Amino acid sequence: MSEREIAGFLATVPLLEGRDEADLTELARVMRRRTVPAGDVLWQQGGVAREALFVVEGAVSATLQVPGERTVEIGRVGPGQILGEIALLDGQGHTMSVRATEATTVLALGRLDFAALLGGRHPAAFALKRRLAALFTARLRDQLTHLAGSLGGEAAELSAPALADLEQCRPPDSRYMRRMATFHDFDPLALWGFLTSGTYVRCPPGRTLVAEGRPSPAYFLTVNGAVEKVIVRGDRRIRVGLAGPGKAFGYESLIDGVPSPLAAVTRERSVLLVLARDHFDELFHKEDAVARVFLEAIQRDLLASLRQTLRPCARLAASV
Amino acid sequence: MCRILAYLGEPLPVRHLLFDTDNSLVRQSYSPRMMNTFLNLAGFGMKAWDPASLQPDEPFTYRATTLPTFDRNLRFIASKIAPTCLVAHVRGVTYSGESVVAETNLHPFHFAGTRVALAHNGHLRRFPSMRYALVEHVDPALAQRIEGTTDSEWIYALILSQLDDPYGVPETRELADATAAALRILRSVRDAHGIDTSSPVNVCLSTGRALVATRFSFDYGWYPPEDEMLETDLPFVSLWYAVGGEYADHDGEWRMTAGDPPRSLIIASEPLTTDASSWLEVPEYSMLTAKLGPDGLAFETRDLDV
Chain A
1 MSEREIAGFL ATVPLLEGRD EADLTELARV MRRRTVPAGD VLWQQGGVAR EALFVVEGAV
61 SATLQVPGER TVEIGRVGPG QILGEIALLD GQGHTMSVRA TEATTVLALG RLDFAALLGG
121 RHPAAFALKR RLAALFTARL RDQLTHLAGS LGGEAAELSA PALADLEQCR PPDSRYMRRM
181 ATFHDFDPLA LWGFLTSGTY VRCPPGRTLV AEGRPSPAYF LTVNGAVEKV IVRGDRRIRV
241 GLAGPGKAFG YESLIDGVPS PLAAVTRERS VLLVLARDHF DELFHKEDAV ARVFLEAIQR
301 DLLASLRQTL RPCARLAASV
Chain B
321 MCRILAYLGE PLPVRHLLFD TDNSLVRQSY SPRMMNTFLN LAGFGMKAWD PASLQPDEPF
381 TYRATTLPTF DRNLRFIASK IAPTCLVAHV RGVTYSGESV VAETNLHPFH FAGTRVALAH
441 NGHLRRFPSM RYALVEHVDP ALAQRIEGTT DSEWIYALIL SQLDDPYGVP ETRELADATA
501 AALRILRSVR DAHGIDTSSP VNVCLSTGRA LVATRFSFDY GWYPPEDEML ETDLPFVSLW
561 YAVGGEYADH DGEWRMTAGD PPRSLIIASE PLTTDASSWL EVPEYSMLTA KLGPDGLAFE
621 TRDLDV
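Read top to bottom, the protein sequences are chains A and B. For the first sequence, the positions run 1 to 320 when this note's numbering is used. For the second sequence, the positions run 321 to 626 when this note's numbering is used.
Chain A with its partners taken away, still in its complex shape:
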């Protein structure tokens, strides 16, 4: 493939939509084309991530190795889609093993070049972060749908209180917030802007804040306490994750406009930062320093949620 052909292909990749021609040509220069035969393993689960791959032709299968020497296929990826970006972004090992199911051509983008795409305050970097958030949300929904399917039945009828009915409280000490790993490397002023952009509420244990199958009323960030993210079917439930201090929930349906894929219920008494839908939309689409912190926080949370959700998936697969 010539650089021009690569740039032409990149223009069709949904994740890169809106990038101008010069940008794509620049990107094409640093990408490496590779063809792998059917059956070849591109990487193993847990392996160190060195590059993101864009599939040009063919298809690959992503499988999760689970206890009992079993593997479970979690998804398939085809032309125009990206692979390997999760481990590249969070610096941990690959979440799954990836194998070509047919002869497959990929374009590889190295770690530094991938980071450069997301860096800076260029509108294209903001747009890419938003698209990645949408992509991760879609993947999270796939995993949650798989888990919900294992329970059978319909989602439980839980109702969440209106935001106005939640007990408001004072903001937390900013020194406490800065000690959370989630916010360590954020610019202090921008972080302050983010933390003061919403309201704070206090909730007792057992309070449903987000109901599965309904639009989430807000983005919530746990300051103190813990919130369970659960899928409930009758008297059966799967705890998908626990949002402790510095972790967020309720944002999936704000990102993609689809009802929430899970319920969020306080496990401990909790203090939460709340960004109502309008406020969320405003921050999510802005392109300033505060929005950058916000998008970064959402991205980190989504990456952690994707990894966290694989754990019940593995438990489920191991028990089959």
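Honestly, the hints are just simulated from the structure, not real lab data. Quantities reported herein were computed from a predicted structural model and do not represent experimental measurements. Even for Gly, the Cβ is constructed at its ideal location relative to N, Cα and C. Treat the hints with care, since some could be wrong.
[As the list claims (entries may be wrong)] Computed list of chain B residues with no C-beta within reach of chain A, every gap over 12 Å: (1) 351; (2) 359; (3) 374; (4) 391; (5) 419; (6) 465; (7) 468; (8) 504; (9) 569; (10) 618.
[Said to hold, decoys possible] Below, computed lysine to any residue pairings styled on SDA-like, alpha-carbon distance capped at 25 Å: (11) B:400 <-> B:565; (12) B:611 <-> A:315; (13) B:611 <-> A:318; (14) B:611 <-> B:402; (15) A:286 <-> A:190; (16) B:611 <-> A:317; (17) B:611 <-> B:381; (18) B:611 <-> A:319; (19) A:286 <-> A:274; (20) A:286 <-> A:115; (21) B:611 <-> B:622; (22) B:400 <-> B:381; (23) B:611 <-> A:69; (24) B:400 <-> B:568; (25) B:611 <-> A:316; (26) A:286 <-> A:163; (27) B:611 <-> B:500; (28) B:611 <-> B:331; (29) A:286 <-> A:174; (30) B:400 <-> B:571; (31) B:611 <-> A:174.
[As the list claims (entries may be wrong)] Example chain B residues on the side facing chain A (calculated, C-beta under 10 Å, incomplete): (32) 513; (33) 547; (34) 580; (35) 594; (36) 601; (37) 621.
Starting from the known structure of chain A, fit chain B onto it as the hints suggest.
This is chain B only, laid out in the frame that chain A set:
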């Protein structure tokens, strides 16, 4: 904060669990992967039950405040014994002059004459202010045996005190119920003393034939201002398990083989290998029980709502 390890199953050389893997328990003393800001340098202890040994109901005991990675005696011993049950622990304490590093504070705790041992990963915040309120819930004969200064030894005495016979071998179910009852007592004593900050209680108990483990925290997510353990405690204290046929080295990779019914179980604060694909995370707020029988290992997890 500490790291714990328990094993139940086919005879297995202790060396494989303590030293041989790339995230072995001994390695977790100086390089824990899931605890960013803390090391476990205040000593090592283990209890190992071997049915082929003299007095098989009495576990082999080793405890030392030296760093286990430099402990040659431990390495020699770990290469020689292959128990069917093991509880081991590396102890972490805050880096202050108030911490007491002594053999009497080393886990697993096991009072003479009793048949249950306990190791603890966690800490009860403001324990000194609630310690003596626990006395009324602890069998006086057991309270007299407390030698050390740790909250963990009190938790151990409290759990033993909830058993019908603290000196007998409890059924797995009774041990699990006693553990849950002890947590409820701790909850009520904390409430009575106005203690409402995060206090992880990951415990691992064994009779040599059964294991009970918890992944639990009181008031998770709440910390005193300027708390020195904050960064360590922000994530829920971890606990993992691997269950299957046997834990073995396959072409340089340590993993639990498939087994149906399962014959071996490892519980650990962190997976013993970097590749965690043969490990599962114990859900937060839950209890895990296992019993070794003639037909394999009976194993279950349940929600712990106390």
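Structure-based check of all given hints:
Every Cβ of chain A is farther than 12 Å from the Cβ of residue 351 of chain B; the closest lies at roughly 17 Å, confirming the non-interface assignment. With a minimum CB-CB distance of about 18 Å to chain A, residue 359 of chain B clears the 12 Å threshold, and the non-interface call stands. The beta carbon of residue 374 of chain B sits about 35 Å from the closest Cβ of chain A, which is more than 12 Å, so the claim that it is off the interface holds. No Cβ of chain A approaches the Cβ of residue 391 of chain B within 12 Å, the least distance being about 30 Å, so the stated non-interface status holds.
Remark: the non-interface label on residue 419 of chain B is consistent with the geometry, its nearest Cβ contact in chain A lying 22 Å away (cut-off 12 Å). The beta carbon of residue 465 of chain B is kept farther than 12 Å from every beta carbon of chain A, the shortest such distance being approximately 34 Å. Every Cβ of chain A is farther than 12 Å from the Cβ of residue 468 of chain B; the closest lies at roughly 30 Å, confirming the non-interface assignment. Every CB of chain A lies more than 12 Å from the CB of residue 504 of chain B, the least distance being 15 Å, so the non-interface label holds.
At the 12 Å boundary, the C-beta of residue 569 of chain B stays outside the reach of chain A, the nearest C-beta of that chain being 15 Å off. The claim that residue 618 of chain B lies off the interface holds: its Cβ sits roughly 15 Å from the closest Cβ of chain A, which is beyond the 12 Å cut-off. Annotation: proposed proximity of residue 400 of chain B to residue 565 of chain B holds, straight-line Cα distance about 22 Å (limit 25 Å). Taken as a hint, the residue 611 of chain B and residue 315 of chain A pair is honoured in the structure, with Cα atoms around 20 Å apart against an allowance of 25 Å.
Of the supplied pair hints, the one linking residue 611 of chain B and residue 318 of chain A holds, its CA atoms being roughly 20 Å apart against a limit of 25 Å. With a C-alpha separation of about 18 Å, the suggested pair residue 611 of chain B and residue 402 of chain B falls inside the 25 Å cut-off, and the hint holds. A distance of roughly 13 Å separates the Cα atoms of residue 286 of chain A and residue 190 of chain A; the hinted pair therefore holds under the 25 Å criterion. Restraint check: the Cα-Cα separation between residue 611 of chain B and residue 317 of chain A comes to about 23 Å, which is no more than 25 Å; the hinted pair holds.
Note on residue 611 of chain B and residue 381 of chain B: the hinted pairing holds, with a Cα-Cα distance of about 21 Å set against a maximum of 25 Å. This hinted pair checks out: residue 611 of chain B and residue 319 of chain A have alpha carbons roughly 18 Å apart, not beyond 25 Å. Note on residue 286 of chain A and residue 274 of chain A: the hinted pairing holds, with a Cα-Cα distance of about 18 Å set against a maximum of 25 Å. Distance restraint check for residue 286 of chain A and residue 115 of chain A: the Cα-Cα separation of roughly 21 Å lies within the 25 Å cut-off, and the hinted pair is therefore satisfied.
As the CA atoms of residue 611 of chain B and residue 622 of chain B are separated by approximately 15 Å, the hinted pair is consistent with the 25 Å bound. At roughly 14 Å between alpha-carbon atoms, residue 400 of chain B and residue 381 of chain B fall within 25 Å of each other, so this suggested pair holds. Straight-line distance between C-alpha atoms of residue 611 of chain B and residue 69 of chain A comes to about 23 Å, which keeps the hinted pair within the 25 Å bound. A threshold of 25 Å between alpha carbons decides the hint, and for residue 400 of chain B with residue 568 of chain B the separation of about 17 Å falls inside it, so the pair holds.
For the suggested pair residue 611 of chain B and residue 316 of chain A, the alpha carbons sit about 22 Å apart, so the restraint of at most 25 Å is met. Straight-line distance between C-alpha atoms of residue 286 of chain A and residue 163 of chain A comes to about 23 Å, which keeps the hinted pair within the 25 Å bound. Simply put, residue 611 of chain B and residue 500 of chain B have alpha-carbon atoms about 18 Å apart, close enough for the 25 Å limit, and the pair holds. Under the criterion of a C-alpha separation no larger than 25 Å, the hint pairing residue 611 of chain B with residue 331 of chain B is consistent with the structure, at around 15 Å.
Taking the CA atoms of residue 286 of chain A and residue 174 of chain A, the gap is about 23 Å. The hint holds against a cut of 25 Å. Taking the CA atoms of residue 400 of chain B and residue 571 of chain B, the gap is near 23 Å; set against the 25 Å cutoff, the hint holds. For the given pair, residue 611 of chain B sits about 48 Å from residue 174 of chain A by alpha-carbon distance, which is inconsistent with the 25 Å threshold. For the restraint placing residue 513 of chain B at the interface with chain A, the shortest Cβ-Cβ distance is roughly 17 Å, beyond the 10 Å limit, so the hint is violated.
The interface hint given for residue 547 of chain B is met, as the beta carbon of that residue sits about 9 Å from the closest beta carbon of chain A, less than 10 Å. Using the Cβ-Cβ criterion of 10 Å, the hint placing residue 580 of chain B at the interface with chain A is satisfied: the shortest such distance is roughly 8 Å. Given the 10 Å rule on beta carbons, the hint for residue 594 of chain B holds: about 7 Å separates it from the nearest Cβ of chain A. A cut of 10 Å between beta carbons decides the hint on residue 601 of chain B: the least distance to chain A is about 5 Å, and the hint holds.
Annotation: residue 621 of chain B was flagged as interfacial toward chain A, and the flag holds, the nearest CB pair being 9 Å apart, inside 10 Å.
This entry does not satisfy hints 31, 32, going by the numbered hints stated previously.
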